[in-house]
Every structure is written in C-alpha cells, then in structure tokens.
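Asker: Chains as they are written, first to last, in the numbering used here: chain A, 1 to 309; chain B, 1 to 618; chain C, 1 to 190.
Mixed in with the good hints, there may be bad ones.
DSBU-like, lysine-lysine: derived pairs with alpha carbons at most 30 Å apart [unchecked claim]:
(1) C:K146 - B:K525
(2) B:K525 - C:K75
(3) C:K75 - C:K8
Hints were generated in silico from the structure; no laboratory data involved.
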Amino acid sequence: MVTRIIQLVLSPVIALVVAVLFLGLSRKIVARIHRRYGPPIYQPIIDVIRLMTQHSISHGALFELGVVFALAGSLVTVLFIPLGGTNAPPGSYPLAHGLLCPLSSSGGLLVVIYLMLFSPISIALGAGASANPNASIGVSRKMLLALAYELPFLLVILAIMSHYGTISIAEIVSRQQDSAWGVFSVPLAAVAAFLILPAMVGIRPFDVVGAPQEIASGPLVEYGGRYLALLTVQSGVHLFIVIALFVDLFLGGGVNVVTFLLKMFAVFLAAELVSAVLPRVRIENALKFCWTWPTGLALAQMIITVVSR
Amino acid sequence: MLPATTLIVAFASAGLVYLAGKVHARLRDLLAVLSSLVLVGLIGLGYGAWGELVYVPDFLGVELVLRLNLLAWFFAITVAAVVSLSTIFSLTYMRRKPSATFHYSTTLAVEGAMLGIVFAGDLLSFFIFWEIMSWSAYLLISCNRGRALDAGLKYIIMSLVGSCAMLIGLLAVYAGLGVLRIPLVAEGMQAASPGFVLLVLLTFGLAFGIKSAMVPLHTWLPDAHSEAASPFSAVLSGVLIKMGIYGFVLLMYAVVGLKLLLGLGSGWLSFHHVLCWLGAITVVIPTFIAVLQTDAKRLLAWSSIGQIGYIILGISFGTPLAFAGAIFHALNHAICKGLLFLAVGAVEHNTGGVRNLNDLGGLAKRMPVTFACALVAGLGLIGIPLTSGFVPKWLIYRTLIEEGHPFLALAALIGTWGAILYVYKLLHNIFLGQLPEKHNEVRCSPPSMRIPLLLFGLAILVFGVAPGIPLRAVQGIGATFGFAQLKVTLWGLASEAGALNMLNICFAIVIAFTAVFLLMRLGAKGPRVSQEDSYAAGSAVPVGRYSYTVDFYSPLSHMIAPYLKDRVDQFYYWLAARGREIADLTRRMYTGYAGTYVLYIVSFLALLIFLQLVWQIW
Amino acid sequence: MDRSQLAKWLKNPAEMANKYSLHAVYFCTGCGIIEIPPVITTRWDAERFGIKAVATPRQGNLFMITGYVSLKTLKAIIRTYEQMPDPKYTVAFGSCPINGGMYWDSYNTIKHLDKYIPVDGWIAGCMPRPEAVFIGVTHLWTLIDKGKADGYIRYRKNYAAYRRNQEMLFGDLGWPPLHPSESPAEEASV
C-alpha cells in the first residue's frame, strides 16, 4: 500500500522533472547544431515562472478547463506506463528494483491509447472556445495529423500485441527483458514507430499544428500567462509519454529508473537530431507520408507476425 | 402478464392520444408523456422476471406467443427510455406544428410495435410487429413532406424487400420444421442440415441487415434519419435500428445457437466470419463519409451506420467479451445518439431551422446546457474513459486482439479516430468559434428540452464510472446463450488476464484534475474578454467573417473524397432505373391498335396447336 | 548561475523570470525589422539572453518598435500592445519613435510614439546594430531590477490620456477602452 502511494506520487514527479529537462535540452541541442550557444538548460523553468506571473485574458470556463484537463489527462497517462524496474525475481539483474508503474493492472495498452486522447481533445475544445479561426485551423490540422500518425501507430501497436500475445505493457517489458528487445524481434515496427515519432510529439518536420509563421501558433493563439505555462508543461509531459512508450515497447524498458531515463534520452537525442535539420512539411504531405512509408512498414510487420504464428 | 400489459398500454395510448389531439393540445401532450413514462415504469418493474403467454391460441394453425426474458427486458427498457425522453423533448419541439398529434400517436404506435418485437415468443408475432413498426416508421419519416417523401419511399422499399425475405425464411422454417415458437424452432434447427440453417440465416439476415443498416444495405439511412423530425430521428437512430440488432441476436443465438453458428462453414468463409468483415467495413467507410458531411443530421446518420458496425462485429465474433461489448454498445449508442439528435434538434428549434454546419457557430455561449450534454454524448460515442462508451469498445478491442484478429481490431480502432474527427467537427461548427450576429438573439432551451438531455448525459456518466450496472444485465443475457461467465464487478472486470477498474481511473483523473486546477489558481488571474477581443493581426475582429467552419478538414476531404462515393447507392439507383426500363418495355405491349391484339390471340392459338401436334400434351 | 544570483532568485522569482524570459512579439514595424533576424539567428544568438520571437501578442512580454511608425501601423501597434498581458515592456529602436528621425516632416508618420503607447527604453541608431540591441536588453534588465520599467503601470494609470491621444488621430478606434475608468472626474482631470 505504501509503495503504491510512493509510486503514485513519484511517477508524475519524475515525468514533470524530465519533461521540463527535455524541453530545455531540445532548445540547447538545436542551438548547438546551429553552432550557437543557445539558452541555459533551465530556460523552460524561467519561462514557466514568468508566464505564471502574467495576467493573461480568458475566454470563458471551457477555455480554462481545456488546459486543466489536458495536463491532468497527460499526468494520469503517466501512471499507466512503466518507468523502469522489472518484475523479474530479485537478484537477476544488478541494481534492479520493482516495476515503477502504479496502475499497471487497470487496463493495459488499450487504456493508455485512450487516455492519450484526453489532451488533444481538451486542447481542441479550449482552442475552439477562444473563438479565433487561427485556433480552429490549428485544431483541424491537429486532428488530421493525429489521424495521419494513428494509422501506422495502431498497426505498430497491434503488431506488438499480436507478437507478445498480451495487452499489458508490463508483460511486454518483462518478455523483452527475458528474450530480445523489440527493435530486434519486431524491427519493421520499430522503424515505423521511429518514423512517426516526430508526428506524435509535434516537432519538425511535423510541427504544422502550432506553426507560428502560418497560423499564429494555431490552438495556442489566445493562450497566455498561466494557461500557456500549463500547456508548455503539458507538451513536455506528452513528449515524455511518447518516448517512454517507445522505450517500453521497443527497447525493453529499463531494469531501474536511471537506465530507463538514459534510454529515453538516447531516443530523444535521435529524434531531435532529425528534427533540427528538417523543414516543416504541409499537412497534406504529412498525411501522404504517414500513410505510405510507416504504414507500409507496419503493415508488413503485422503480416509477418500473423503469418509466423 | 408484463408483455401483454405493455403492448395494450402502448397501442391503446396511441389511439387515445390521437383522439385527445382532436380535443385539446395540452391533454394530448399530457397523455403522451404520461403513457410513455408509465411504460418505462412498467418495464422497469419487470427486471429479472421470466414467462410466456399464449395470446392467440389459433391463428391460421399457429399459436401466437409473447415471452419475457432478460434479453427482451434489456432492449425493452432501452426502447421505453429513449422514446419517453424523446416525447418529453417533443413537448416544445412539436408545439404549434400541425402534425403534432400524428407525431405523438404514431411514435407511441412505433414504440408498441418495437416492444412487440422484443416480447415476441414466436416468429409469426415477430413478423407481424416488424411490419407494423416498418410502416408506422415510414409514415413518421415522410411526415415533413418535400425531401422527406423521397427518403421515406427509399426506406419503405428497402424495408419491404427485407420483409419479403423474412417472410420467405419464415415459410421455410414452417415448411421444414412445422413449428414457429422460438424454443421449438431452436430444437429443430439442431437437427437440420447446414444448408437449411444457412438459408434461414441468409433470409432473416437480409431483413435484419437492411433494418440495422449494415453495408451494403445501408443506403436508406442517411436520407431517412436526416429528413425525419429531430425527436423521431433520435428514436430512429437510437432504437429502431437496434431492432435489427435484436433480430440478429435472436436469430444467431436464440434460434441457431452458438455452437451451430460457429460451426457453419469453415475457416475464412464461415457465416460469422463474413459477417465480422461486413461489420468491419461498416465501421470504417461510413465513419469517414460522416467526416465529409456538412449537414449536422446527415453527419449523425452516417455516424449511426458506423457505430452499428461495431455492434455487428461484436455479436458475430462469438466470444463472451465480444458479445458483452456489442450489447453494451447497443445501449451506449442508443443513449449517445439519442442525445446528439435531440441536441441538434434543440439547436435547429432555437435558430429557426438551421442545421447546416457552415452557418452555425459559437452557440455554447447561448445554450451552455445543450453544449455540455452534446459534449458528453460526443465523448461517449468516441469512447473516452469515464463515459459509457469506453468499456464496450475496450471489451471488443481486447477480444479481437486476444483471439488473434489484428486487422479487425485495426478497423475498429480506426473507426474511433474517424469518430473523433466528426464529433469535433460537429461540436466546433455548432457550439464553438465565433457567434454570428444573426444568432445573437438565440435563447437557451426551455426545461422540457433540457431535461431529456440532462438525463441522458447523467446516464452516460453513471454508466461510465460504474459500468457494472449494465454489464451485469448483459452478462446475464450472455449466460442464457451459453457464453462463459465474465467476472463482472461494479467498476469493471476482474479477470486474471487483464482487469479493468474504472474506479481507479476515475479517482486518478479527479485527483489529477484537482491538483492541476489548484496549480492554475497559483498563477496570475486575468480579465474575461468577449469574442471581439481576439487576435486578428493587430486589427479589430471582422465581426461575422472571422470563423473557420467551411471545409473544416479540407486536406483530408480532398484526399479521400474520391474514394468515398456511395457506390452502393448509385448501384441501387441503377437497378431501379433498369427496372423502370423493363417495365417501360413491357408497357409497349399495349399498342392501342386492335390488329396487334388479334395478332397476339392468333399467334398464341398457333403455338397451342403446334404444341399439340408435336408433343401431344393434351 | 552563481550564488548571488541564486539569492536574488529566491527573493523575487517573478522579477528574475521576467528579466530572463523576454519573448518578443514578432511585429515587423518599419525598416528596422531587417535588423531583427540577424539578432535572433545563429550569428548574434539572442536565445542566450532568453529572448525568443512569438507569433501572437498573448504569449509575449516584449514589444519592439523597430523603426518609423506610420498611421496605419500605429493602429495595429496599439491593438497589439493592448492584447499583450501585463507585465510587458516596450523598447523603441532607432530615432524615428523618439522624435520622428528621418521622417521628421512627413504627413504620415508619428513623431513621438510615447504619446500613444508607453515606451520603457530607447535604443539610438538608424538602425541599431545587434550589439546595440544586446546592450539595450541588458539596460532593460537593469531597469526591471530597479522597478523603472513600468510602462504598463503608467498605461493603466493614465489610460484616459493615452486613449484621448489615440482617438484624436483615428476618431473611432474600433475597439472599446481597455481600462474603463471608474469615475468621469478622473477622466476629465488627467
């Protein structure tokens, strides 16, 4: 019981800290690739504190509730994803500890996919309440981009669930720790998942949703002050969730939290390196891309999995 | 006896309401609402009861039976609840409309017919009530005149084709087995040949497929549901198409039986597998056609077809989880779609008949209760956790994945994303964005319109957090058909291979929401501003021209519209045109010239003489 | 970050955060905007100072007026300034906002920007080089530290006067007053 409560508090705290760290690191990495110094790594903390002191306008209750539900949904999703640790008997791995996943027995990967829907829908409703067509265009693009990456993402998830025969992420992680990592047993699905990772996170080349130059930040056009602070934190937590899922499904989780976070950092670095040098693609091209290469690879993987069983 | 009582009350009140309508409008309204609520109460009291009643001992050599069991009760309570809330809604919607009396009395007649269908204990009663439901629904659909007449005609023609097929099946059963009482037919089926079983399944299946709008038999639904009056659209989408589902369940599980059903055919070409795939196609294609619609009611109609696909997928898959998910989703869809049609009806009523999504916007400021309820219903349709749509979809996905059918699971999951797209389009174009000046004076709905919306919304949330309440009933129905027991708790499922606990999820969301809300309060507070104070690149907001509703998903529409033409509809119209041509050719037989008729007589006589000479028939 | 900075952070985090996170509204006034892309790109990296460009005034707290202000632009500047959330800082670049600069006798430009929106700091030049921009930013930090960068407070206190000046130029502005005054006497006296 006590461990449960500790885990329930620790998971979101880890998510928040690492989220803010990743946001700062992304700006630093991109800056270094541009051969400049860039802001300090703790710059997002400064931004969030500054935003919390600004008296920004509000367009009504739905405007504010959209933000609150988005961040709440993301934090709840973190509770369902294992953040390192293992279910193997103690002593099989050095420095291992029990699985850090408070609500692992309440639904599995399907619940995670559904809880990940809370934040886009909440932001969409809040942006709609801001009564600005830039926000509406941004939300329309957000929905379409989500549809674009959902098709290959679902194929990837289904290939994994068919391969391991379970819907529980904890089970998938322990099976990978026993045999081989996901990148080796379902390689095409791993490649497809990495191809759509920027789309799921919303970084270049798929940052068409919040395109500052085109649609004035899209859904965030009327959000400022404390709402923008919470949305910044939410985008970081969403980044955390997606990368944590990738590590759990394809890189075998981690025997303890530190290993897990190191693997997350590796995936994050790879995604940022790709994002730093690519331009933004249009939403039609994003749709076409996501529905050809990643879908093709994931479909091939699913056919191989179904046939080889 | 409960079924007989409810049927008598329903049909009698239909007649009484019609007569009361001639006397005074208020009396008629009161009588209609009272009788629908009495029906809800009567059926509610009958939970857990069983029984049979022979109400006509000898009708053309067959006895007609009514029966009550858990399956019948489940569908009956859904029918009664949706119709009663729709009637309460009609109090304001139908006020001062000339066809109000007709609407109330025919709705009660449709309800009586639907209750007759679920309470029927033999196939002939089933058929009789099915026919009554079909034509009374036709009368109500065509009530509005204009395009509704064409819509109604399409509906009744397709429905009649289905009814003829059902009649053929009925006669085949009577000729082959000699009995029509459902338990006796079930016994007879066990000994029948697979070909006979398949014939019965196909003929009845055609009728049920047409009524429940399965692809490729769905083409009547978009027109019919969008042209009917909104309260009746709620009944149509909510419960009328569930009668097709009830028929499928009755046919596949009560009559044919689980073992026989799964053993029919082999491997990929078995009956239930083909039906699964038809269900999967029904989920995907109409959902994306709904994304492209600009008329609010047409969007909801196409969405109904899509959600029915889930139910058909579930009931034809044949595992306990799939069956439970499908029946629960039938209840969930009835509530959500009923609410959405009523909400769109409220908007239509308050804005004076506008239902084109391109012309609306920003109504959440004027109709907040309607918006909140429509939001809950939309989320229930998508299947967000904490709404009643989550558990049935979770059950269906889980069983599809565990039984090793990932492609069916993919179709079902993509349907969810299509649902998110069209639900958001509906909510955004009606309730969010900028409020146009012409709708500035729209007032909030009166209580008689809000109460049904609120009750439906409450049901969605209650069944979402405590899904055990409907799951227990669904589980009981599954048990009567020979499915394995599911460990159902009040908050979800408790099986070893992956449990579901909605209470945990609910607590987590509530605590997270409170924490984030308090965090937000720590920040600096700013003023509330109106929609005129929005970012417009440094100029004042161009009032009336500052909203994005037309062509809402234009990149997607341009990509997929060529693939999503309703070719089935075009095919049926082509068939109708060929039929008209054949009839036209036949008409040319009548030339009006006496000489041709003499030629016909003489040549026929010559043919007879020829036959006699050559083959000596007589 | 050294220890003295840490003490300052703990004492007054709001002020420190406002200094080191100046998000500039990317509003391109006049000819001076050509100097801003070099400031925010790689060579003279402004992101080191915490300066970033944002697209919408709701998200920003620094407004840079980079050059001459024509009448048409002034209307957009006023609207954008009013849509920014408090606390916000305005910095005027070049000599045109100070006294008209090169366009001192033009019929279409504003000679004294300070009459219409409050300006916290000026950077002289025609146009200032990126190094001058950074010196200006560090001076703005000093002003924020001393509490002298209070343009938004002055705007609220003297709003009636500012609004009167704006309406003298434009007549009907097209949007209601941002800070409606509590008593008509206050409006008359300022």
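Asker: Taking the hints in turn, state whether each one holds.
Answerer: Verification of the hints:
Of the pairs offered as hints, the one joining K146 of chain C and K525 of chain B holds, with about 25 Å between alpha carbons and a cut-off of 30 Å not exceeded. For the given pair, K525 of chain B sits about 27 Å from K75 of chain C by alpha-carbon distance, which is consistent with the 30 Å threshold. Only pairs whose Cα atoms come within 30 Å are accepted, and K75 of chain C paired with K8 of chain C is rejected, the gap being roughly 39 Å.
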